[in-house]
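Throw the hints in and build the complete structure from the sequences for me.
There are 2 protein chains.
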Amino acid sequence: MKKRAILADIARAANVSLMTASRAINQKPGVSEDVRQRILALAAEMGYRPNAIARSLATRQTTTIGLVVPDITNPFFAQVARGVEDAAFENQYSVFLLNTNEDRQRESAALDSLWQKDIDGIILCSSRLTEAELTAQIQRFPALVLINREVKNPPANLVTINVDDQQIARLAVEHFLADGRRQIGCIGGPAASFSSRRRLAGYRRALKEAGLPVDSSLVENALPNTEGGRQAAAALLARQPALDAIFAFNDLIAVGAMQACQETGRRVPEDIAIIGVDDIPLAEIIRPRLTTLHLNLAHMGRLGVHTLLQIIAGEPSQPAHRIEPHLMVRESA
Amino acid sequence: MKKRAILADIARAANVSLMTASRAINQKPGVSEDVRQRILALAAEMGYRPNAIARSLATRQTTTIGLVVPDITNPFFAQVARGVEDAAFENQYSVFLLNTNEDRQRESAALDSLWQKDIDGIILCSSRLTEAELTAQIQRFPALVLINREVKNPPANLVTINVDDQQIARLAVEHFLADGRRQIGCIGGPAASFSSRRRLAGYRRALKEAGLPVDSSLVENALPNTEGGRQAAAALLARQPALDAIFAFNDLIAVGAMQACQETGRRVPEDIAIIGVDDIPLAEIIRPRLTTLHLNLAHMGRLGVHTLLQIIAGEPSQPAHRIEPHLMVRESA
DNA sequence: TTGTATGCGTTATCAT
DNA sequence: ATGATAACGCATACAA
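Going down the list, the sequences are from chains A and B. Under numbering that gives the first Met the number 0, the first residue of the first sequence is numbered 0, with each subsequent residue one higher. Under numbering that gives the first Met the number 0, the first residue of the second sequence is numbered 0, with each subsequent residue one higher.
Among the hints, erroneous ones may be present.
Same chains, same names: a pair is fine if it fits in one copy or spans any two.
Subject to a maximum C-alpha distance of 20 Å in a straight line, what follows is the list of computed SDA-like cross-link-like pairs (lysine to any residue) [unchecked claim]:
(1) Lys151 / Pro318
(2) Lys27 / His293
(3) Lys2 / Glu44
(4) Lys2 / Gln115
(5) Lys207 / Asn50
(6) Lys151 / Arg180
(7) Lys1 / Pro153
(8) Lys207 / Gln166
FYI, nobody ran anything at the bench for these hints, they're computed from the structure.
Laid out in C-alpha cells, this is it:
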C-alpha cells in the first residue's frame, strides 16, 4: 500500500503553514489567489485527499448518515436504499447500511454502533422499537428520519415519512366498488406492522362510507410473501366462497392470493379481482398483470436524505411527510 | 441532543488516569480486577461508548469496510449485501454502501470517497474499471475482495470471488441433453459482462463436448431483465423455430424468454425447455416454476467479509474462490 | 499496576 | 493574508 500524502506534506512542499494549506484546500477565504492556486496544483499532483477521520474529529461532523432497514433483500427497502444512496452521493455524504432482521435487539445494537461512529443523522425504516426506546434514541442523534413509523410528539430533530395508508386502502376499495364488486376481502400483513393496521382501518372505513357491512370474517392476516398470501387467501375463500375482490397488503401477498384463486378454479379478474400495494417488478411480470398501488420508494429515500440535511443545517422542515400512492390499473382488477 | 460522556469523564469519576480507564474498557491487561470492575460499572452507568472516530485516528483502523455494487435494487446484489452486512455485524464491523449505477466514473468516485474515509477493506462487485484502473486502486487499500471479476496477477491484498460460470453452463446443457434436447439456444447478458462471456464460452464448450454443432445463430444477447429476455427469445425463435431448449443468463431473462415462448404458442417445458441462473424468488413464483442454477449469494457476501478480515489480519488466504452452482429442477426444464 | 507524554491529521482560535 | 498553538478523543510508548 502506497503511503498517502497528508496536509503537512502539501504545506511543506508549498512552503506555507498548515493553515494556509488547509484554507486553500477547503476553499476558505484568507489566502491570496496565487498562493491558493499553487497549493491546489501541488495537492492535485501529489494526489492529496483530506483524511476524513481526522477532519471529523476536528469538526465534529462526519458527513455520514446511517440507513437502518429490516432487510435489504426486501425490494421495498432496496428501492428506498437506492434513493437514499443516490441523494447522499449527490451531497457528498456516505451511508452506513445496517440490517435489523426485524429484531429489536439487533436494531438497538445497530443504533448503538451508529452512535459510536458519530454519524450526522440516521434514516430508520420500519422500526420495531417501543415508543419509549425510540424516544431515548432520538435524543442521541443530531437528526433522525423515521420511515414507516409515526411518533406522538415529534421533537425538532425528528421527521417522519409515511405512505398514505388510508388513501391506499380507499383507492383500492373505490376501484373495486366502481367495478361493481361488493364482496371485498382484505389480507393484511403481519399483525405487528403499523402500516398494515392503518390499511385495515382504511379498508373498513371505505367500506363503511360505501354503506357496505364491515365483516371481520372478510379479513385475514398473512406473512408478507407469496406463500403467506396463498394460505390467507385459501382460508378466506373457504370462509367466504362468494368473495369477488381481495385487497392485499402488498404485491407478494396479492400474487399468492391470485394463485390461490386460480388453484380453486376462479378466474382473475372475471370471478375475483385483486389489488396489491408497492408495484414491485413482479407486478408487471406475473400473468394476469397485477393491478396495484404504486409507491415511489426511491423518492421516499431521497426525501429522507434531503430532510435529514435540512435538520442538520438547522433549517425548518415540516415534521411529517406523506407519500401519495398511484393506482396502476393492469389486468387483475 | 444529550452531551455524551468521554473517556476523561470516566477517568475523573473513577479517580484514575486516562490510561487505566482505557485499559479497563478495552479489556487489556495491566489493571487490577477490582479497579477494572469499578471503571466498567461507572462506564455502564454513564452510558459511555468509545468514540470510534477518535479511536480510528489513533489506531489507524476504522473497523469499517466498503461495499460497492452496481445497483442494490438488483436482487443479486441485495442478497450479496445481506451476507456482507450479516458477517460484518457479527465481527463488529460497519459497512458503507455505494452504488455505481454501472458507471465507471461513479465507481471511481465511490472508491475515492472510501479512500478518504480510511476504511480497512473493500468488497467490490462487478467492477467496470479497466485492468489498469483496478491495479491502481488495489494499492490504495489495505485489503480488497473482488466479486464477479478476475484479475491477472492478484497481489497479496486482493482476493477474487467468482461464480463458476463454466460449471453453470455445463450443468444446464447437460440437463437439456439428458432430457433429449438437441436444439439448444443461449441468451447471454450484456456483452460487457465478464460473467456472461464466460457462460457463453461454457455453453459452447459443453455443446462441443457433446458432439453438437456450435452455431452462432443459436445465441442472442439481452439486457438482464424480462423485457430483454422476451425480445431476445423472440428474435431467437424467429431464426430458429425448431429450438427445443434455452439457457438464459439469469432468471429474469429466462422468465422473459418463457413468456415469449408461450406467446408464440409453445408449451414450456413440453415444446421447449428453459433454464435460468440465480434462483431469485421469482423462480418459484412464476408458472411453470423455473428450473434454474441456484447460487448461494448471501454466502458469497459472507465469504467476502471473512476473506477481507483474513487479509487485514495478515493471515494467508487463497487468492481466488469459486462459488459452485446447484441445479434446482422445477418445472420449466 | 498505574501514570505521563506524545501523536494520529485536521480545523478553530487567536496572534501577527 | 499568514502563521503558531491548542484542541478533537483516544491509544501507543515509555516511565515510575
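Verification of the supplied hints:
1. Taking CA atoms no more than 20 Å apart as the test, lysine 151 paired with proline 318 passes inside one copy only; the shortest distance there is 11 Å, against 54 Å between copies.
2. Taking CA atoms no more than 20 Å apart as the test, lysine 27 paired with histidine 293 passes in neither setting, with 46 Å inside one copy and 55 Å between copies.
3. In this homomeric assembly, lysine 2 and glutamate 44 come within 20 Å of each other (Cα to Cα) only inside a single copy, at 15 Å, whereas the closest approach across copies is 42 Å.
4. In this assembly of identical chains, the alpha carbons of lysine 2 and glutamine 115 lie at most 20 Å apart only when taken from different copies (13 Å versus 28 Å within one copy).
5. In this homomeric assembly, lysine 207 and asparagine 50 never come within 20 Å of each other (Cα to Cα): the closest approach is 61 Å inside a single copy and 55 Å across copies.
6. For the homomeric pair lysine 151 and arginine 180, neither the shortest alpha-carbon distance inside one copy (37 Å) nor that between copies (64 Å) is at most 20 Å.
7. Only between protomers do lysine 1 and proline 153 lie at most 20 Å apart by alpha-carbon distance; the minimum there is 16 Å, versus 48 Å within a single protomer.
8. Within a single copy, lysine 207 and glutamine 166 get their C-alpha atoms as close as 15 Å, which meets the 20 Å cut-off; across copies the closest is 59 Å, which misses it.
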